[in-house]
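Modelling step: build the complete structure from the supplied sequences, incorporating the hints.
So the chains spell out like this:
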Amino acid sequence: MTRELPHPHPPRLAAWLVALFTSAAQAESILGDLHEEFFDIVSKAGIASARRWYWRQSAETIAHLASAGFRVAPWALAGVLLLGFLLRRFDFQLPEWIIVAILRAQRPYSNLHYGFYVWLVTYGIPIVGVIQTVLIGCIVAAFAKGREIVATTTLSIVSPFAFLLHFLLVGGQWSNSIFIFPWRFLIIQVENLVGLVIGGVLVREFRSVVARRFSRTSP
Amino acid sequence: MTQMHHFFYIVYIMPARDYLGEFEHIVLLTVLRLDDQAYGVTVRREIEARTRREVSIGAIYATLDRLEAKGYVQSRVGGPTAERGGRSKRFFRVTAQGVSAIKHTHRALRSLTEGLALLKTRS
Numbered sequence: 025m026t027r028e029l030p031h032p033h034p035p036r037l038a039a040w041l042v043a044l045f046t047s048a049a050q051a052e053s054i055l056g057d058l059h060e061e062f063f064d065i066v067s068k069a070g071i072a073s074a075r076r077w078y079w080r081q082s083a084e085t086i087a088h089l090a091s092a093g094f095r096v097a098p099w100a101l102a103g104v105l106l107l108g109f110l111l112r113r114f115d116f117q118l119p120e121w122i123i124v125a126i127l128r129a130q131r132p133y134s135n136l137h138y139g140f141y142v143w144l145v146t147y148g149i150p151i152v153g154v155i156q157t158v159l160i161g162c163i164v165a166a167f168a169k170g171r172e173i174v175a176t177t178t179l180s181i182v183s184p185f186a187f188l189l190h191f192l193l194v195g196g197q198w199s200n201s202i203f204i205f206p207w208r209f210l211i212i213q214v215e216n217l218v219g220l221v222i223g224g225v226l227v228r229e230f231r232s233v234v235a236r237r238f239s240r241t242s243p
Numbered sequence: 209m210t211q212m213h214h215f216f217y218i219v220y221i222m223p224a225r226d227y228l229g230e231f232e233h234i235v236l237l238t239v240l241r242l243d244d245q246a247y248g249v250t251v252r253r254e255i256e257a258r259t260r261r262e263v264s265i266g267a268i269y270a271t272l273d274r275l276e277a278k279g280y281v282q283s284r285v286g287g288p289t290a291e292r293g294g295r296s297k298r299f300f301r302v303t304a305q306g307v308s309a310i311k312h313t314h315r316a317l318r319s320l321t322e323g324l325a326l327l328k329t330r331s
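Read top to bottom, the protein sequences are chains E and B.
For what it's worth, the numbering used here labels the leading residue of the first sequence as 25, then goes sequentially.
For what it's worth, the numbering used here labels the leading residue of the second sequence as 209, then goes sequentially.
It should be emphasised that the hints constitute simulated quantities derived from the structure, not laboratory data.
Among the clues, some could well be false.
Not everything, but these chain E residues come out facing chain B in the computed CB check (under 8 Å) [unchecked claim]: (1) 53; (2) 55; (3) 57; (4) 58; (5) 85; (6) 86; (7) 215; (8) 229; (9) 232.
Covered stretches of chain E (in silico footprint by chain B; criterion: 3 or more residues with CB under 8 Å from a CB of chain B, positions within the stretch not fixed) [unchecked claim]: (10) 88-94; (11) 151-165.
FRET-style restraints, in silico, Cβ to Cβ [unchecked claim]: (12) E:145 x B:285: 53 to 59 Å; (13) B:285 x E:65: 21 to 27 Å; (14) B:259 x E:236: 34 to 40 Å; (15) B:276 x E:159: 51 to 57 Å; (16) B:276 x E:189: 37 to 43 Å.
Every value quoted in this text rests on a predicted model; they were computed, and no experiment measured them.
Quick reminder that beta carbons are idealized off the backbone N, C-alpha and C, glycines included.
Here it is in structure tokens:
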């Protein structure tokens, strides 16, 4: 009895990443081309070579599409990034205000829900912070149509430098929390940066689903 | 007219929008050469075969999109095929404006290389 070999398929993660950096129409032709060449290489050199080729092509393709995103509309992208900076700047203390408002309204420490109070004080601010950053990522991505991931990734990369510059210029006010809890502070920063990109991915995926549905229903 | 004056004359008569970058020039000539069979895969393979230069699909599409925005190429979507995982091909063809841009660039290059001793000895 012979066992049938599994049908080879291109790396799904690489294909998904390429699709994130392209418009829905562009993804159709680019992924189709990569797919076609992948099977050509599988038949000539084997699946391992084809997979390596696919990953290398995907990385180069993403780099080109990202840089093209900057070149095509630099001012529009700069405007969207400025919007992201302003939202992050003005909403910096929002999680703390929300948690304090909840504590004032519910007064969990004054009754039997002391455990909930401790949990809220320990994890509440970072959780609300991540949700807030995801929302900012969604807003930035909504304005950067077709360049959602380029805009949110750039914002997440540039944000720490802008934050550092702001800290050096008008610092002092956060110095205690930074120096007393440096690791916690760093973890919150990383969470926030990932949250921006997640917001971009959510908007991009939503737009892809809408585009696919629209192309299925249109004649 | 001296050689330098000739160069400025060419730049002057050539509108800025008709100037082609090196890779744009290569891609446009490849699309022209492939006629009605020009899509991502064939363009990439033709460039690699003729220039011995490895290029990515992303570089080709970024350039073709730029050329389309300038009006030098037009694209149409073909039918989906099984070998492409049910996805469609996007075929490109060079427009009259694209042909004109190629001619302008060639004229400028010919003018710049005219009378250069270095090129004469190599050829």
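Hint by hint, here is what the structure shows:
1. 53: Residue 53 of chain E check passes; min Cβ-Cβ to chain B is 4 Å, inside 8 Å.
2. 55: With Cβ-Cβ at 6 Å, under 8 Å, it holds.
3. 57: Interface hint status for residue 57 of chain E: holds (4 Å vs cutoff 8 Å).
4. 58: It holds, given that the least Cβ distance between residue 58 of chain E and chain B is near 6 Å, below 8 Å.
5. 85: With a minimum Cβ separation of about 3 Å from chain B (threshold 8 Å), the hint on residue 85 of chain E holds.
6. 86: For residue 86 of chain E, the interface hint holds, since the closest Cβ of chain B sits about 7 Å away, which is under 8 Å.
7. 215: Hint on residue 215 of chain E: violated, closest Cβ of chain B at ~30 Å, above 8 Å.
8. 229: 18 Å, violated
9. 232: 14 Å, violated
10. 88-94: holds (count 4)
11. 151-165: Not satisfied, violated; 0 residues make the cut.
12. E:145 x B:285: 53 to 59 Å: 56 Å, holds
13. B:285 x E:65: 21 to 27 Å: 25 Å, holds
14. B:259 x E:236: 34 to 40 Å: Hint holds: Cβ distance 37 Å, inside 34 to 40 Å.
15. B:276 x E:159: 51 to 57 Å: Violated - the Cβ-Cβ distance for residue 276 of chain B and residue 159 of chain E, about 35 Å, lies outside 51 to 57 Å.
16. B:276 x E:189: 37 to 43 Å: 39 Å Cβ-Cβ, so the 37 to 43 Å window holds.
Hint compliance for this structure: hints 7, 8, 9, 11 and 15 are broken, all remaining hints hold.
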